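In order, the protein sequences belong to chains S and H.
According to this note's numbering, the first sequence holds residues 86 to 227 in order.
According to this note's numbering, the second sequence holds residues 15 to 177 in order.
In case anyone wonders, no lab produced these hints; they're calculated from the structure.
Every value quoted in this text rests on a predicted model; they were computed, and no experiment measured them.
Just so you know, not all the hints are guaranteed correct.
[Claimed, not checked] According to the in silico footprint, chain S covers these stretches of chain H (three or more CB under 8 Å from chain S):
| no. | stretch |
| --- | --- |
| 1 | 22 to 29 |
| 2 | 41 to 55 |
| 3 | 68 to 75 |
| 4 | 109 to 119 |
| 5 | 122 to 131 |
| 6 | 169 to 176 |
[Stated by the list, open to error] List of simulated lysine to aspartate or glutamate pairs, DMTMM-like, C-alpha gap at most 25 Å:
| no. | chain 1 | residue 1 | chain 2 | residue 2 |
| --- | --- | --- | --- | --- |
| 7 | S | K179 | H | D143 |
| 8 | H | K100 | H | E177 |
| 9 | H | K100 | S | E159 |
| 10 | H | K88 | S | D121 |
| 11 | H | K88 | H | D143 |
| 12 | H | K165 | S | E193 |
| 13 | H | K103 | S | E159 |
| 14 | H | K103 | H | E174 |
| 15 | H | K103 | H | E177 |
| 16 | H | K103 | H | E120 |
| 17 | H | K88 | H | E177 |
| 18 | H | K173 | H | E77 |
| 19 | S | K179 | H | E177 |
| 20 | S | K179 | S | D189 |
| 21 | H | K100 | H | D65 |
| 22 | H | K173 | S | E193 |
| 23 | S | K179 | H | D163 |
| 24 | H | K103 | H | D143 |
| 25 | H | K100 | H | D115 |
| 26 | H | K88 | H | D156 |
| 27 | H | K103 | H | D115 |
| 28 | H | K165 | H | D115 |
| 29 | S | K179 | H | E77 |
| 30 | H | K88 | H | D65 |
| 31 | S | K179 | S | D95 |
| 32 | H | K165 | H | E177 |
| 33 | H | K103 | S | E186 |
| 34 | H | K173 | H | E120 |
| 35 | H | K100 | H | D85 |
| 36 | H | K100 | H | D143 |
| 37 | H | K103 | H | D65 |
| 38 | H | K88 | H | D162 |
| 39 | H | K88 | S | E193 |
| 40 | S | K179 | H | D115 |
We put the CB at the ideal spot given by N, CA and C, even for glycine.
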Amino acid sequence: MQYDLPLWADIAVSAFLLIAAFFGLVGSYGLIRLPDAMTRLHAPTKATTLGVGGVLIGSMIFVLATEGRFSAHELLISLFLFLTSPITALFIAKVHIHLHERPDTLPEPRDGAGWASYTADGPARGVRDLSPLPETEPDQNT
Amino acid sequence: MLSRLLPHPVLSVVLAICWLLLVNTVAINSIVFAVLLGLFVPMLIRPYWPDMPRLSRPLVVIEYGLIVLYDIIKANTEVALIVLFKPSKSLQPAWICVPLDITSPEAITVLGMTITLTPGTVSCDLAADGHAILVHCLHAPDPAAVRDDIKARYERRLKEIFE
């Protein structure tokens with residue numbers, strides 16, 4: 086399909102796509118290059134937010150220039166991305182803490198309470214509920 | 015009466031705006047449906063989220079969002095430069111313990127997400143009593159400065175917003 090873009094939109098869309106491609110590439114390169122699991126976690130979680138963000142801004146300018154309306158789906162995509170990508174990073178970090186770290190390899194939290202990964206009684210324990218859980222029979226089926 | 019009908023005005027407005035963004039048009043029927051969503055969803059979820067926080071200063075939220083956006087862009091360039099040019103040997107990753115003054119679970123959640131989204135830091139764990147957060151830094155020659163930066167830049171504003 087042929088689109089008739091004005092010159093300014095052509096330049097702006099291309100610029101944002103190039104920026105996005107650059108950061109996406111750097112993020113993927115960092116995933117290979119960095120030395121261990123925790124440092125590798127940093128490259129894709131950061132560089133790809135701007136990588137995807139660039140594509141989305143380019144898409145908004147494209148819609149604005151071709152159809153003359155403001156497209157809001159891109160804003161929602163970035164909102165949902167910002168809500169979900171920290172959760173993935175947290176899961177990977179938690180697995181790393183359980184498999185490769187011990188309480189004495191991490192800095193001690195204030196009050197000496199210990200980190201939740203090592204001390205909490207169950208995965209669903211929140212900050213509000215700090216009273217000890219009642220003793221329950223272990224589930225025989227699992 | 016108004017507080018029973020609209021237990022969380024900010025949440026209602028956010029839901030309505032999200033719906034309008036999702037349908038991508040501002041027509042009369044989508045506005046009606048957005049208002050309905052803003053009215054009924056907070057009522058439906060109230061039993062499951064009993065002490066939902068009230069934002070004491072909603073305008074600080076906008077300031078906070080802009081600061082985080084600026085930091086994300088800065089973070090991306092910094093991390094890109096580290097990935098491209100810094101040899102692995104001179105990289106100094108560090109675990110940092112950030113003691114928390116905020117106590118509301120919602121505020122701690124937002125702080126943790128912000129830390130993960132910004133310069134070379136990932137929030138990894140919470141202390142069992144909720145008074146500290148464990149952060150991993152990609153390159154931190156001065157861990158104390160990173161900790162003070164997080165506390166001054168993000169936590170202070172979250173304290174204003176939530177408490």
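Here is what the structure says about each hint:
| no. | hint | result |
| --- | --- | --- |
| 1 | 22 to 29 | violated (count 0) |
| 2 | 41 to 55 | violated (count 0) |
| 3 | 68 to 75 | violated (count 0) |
| 4 | 109 to 119 | holds (count 6) |
| 5 | 122 to 131 | holds (count 5) |
| 6 | 169 to 176 | violated (count 0) |
| 7 | S:K179 - H:D143 | holds, 17 Å |
| 8 | H:K100 - H:E177 | violated, 41 Å |
| 9 | H:K100 - S:E159 | violated, 33 Å |
| 10 | H:K88 - S:D121 | holds, 24 Å |
| 11 | H:K88 - H:D143 | violated, 33 Å |
| 12 | H:K165 - S:E193 | holds, 18 Å |
| 13 | H:K103 - S:E159 | violated, 39 Å |
| 14 | H:K103 - H:E174 | violated, 41 Å |
| 15 | H:K103 - H:E177 | violated, 43 Å |
| 16 | H:K103 - H:E120 | violated, 38 Å |
| 17 | H:K88 - H:E177 | violated, 29 Å |
| 18 | H:K173 - H:E77 | holds, 13 Å |
| 19 | S:K179 - H:E177 | violated, 29 Å |
| 20 | S:K179 - S:D189 | holds, 16 Å |
| 21 | H:K100 - H:D65 | violated, 47 Å |
| 22 | H:K173 - S:E193 | holds, 24 Å |
| 23 | S:K179 - H:D163 | holds, 24 Å |
| 24 | H:K103 - H:D143 | violated, 36 Å |
| 25 | H:K100 - H:D115 | violated, 35 Å |
| 26 | H:K88 - H:D156 | holds, 18 Å |
| 27 | H:K103 - H:D115 | violated, 35 Å |
| 28 | H:K165 - H:D115 | holds, 9 Å |
| 29 | S:K179 - H:E77 | violated, 31 Å |
| 30 | H:K88 - H:D65 | violated, 36 Å |
| 31 | S:K179 - S:D95 | violated, 44 Å |
| 32 | H:K165 - H:E177 | holds, 15 Å |
| 33 | H:K103 - S:E186 | holds, 21 Å |
| 34 | H:K173 - H:E120 | holds, 11 Å |
| 35 | H:K100 - H:D85 | holds, 21 Å |
| 36 | H:K100 - H:D143 | violated, 37 Å |
| 37 | H:K103 - H:D65 | violated, 49 Å |
| 38 | H:K88 - H:D162 | holds, 18 Å |
| 39 | H:K88 - S:E193 | violated, 30 Å |
| 40 | S:K179 - H:D115 | holds, 23 Å |
The earlier numbered hints that this structure contradicts are 1, 2, 3, 6, 8, 9, 11, 13, 14, 15, 16, 17, 19, 21, 24, 25, 27, 29, 30, 31, 36, 37, 39.
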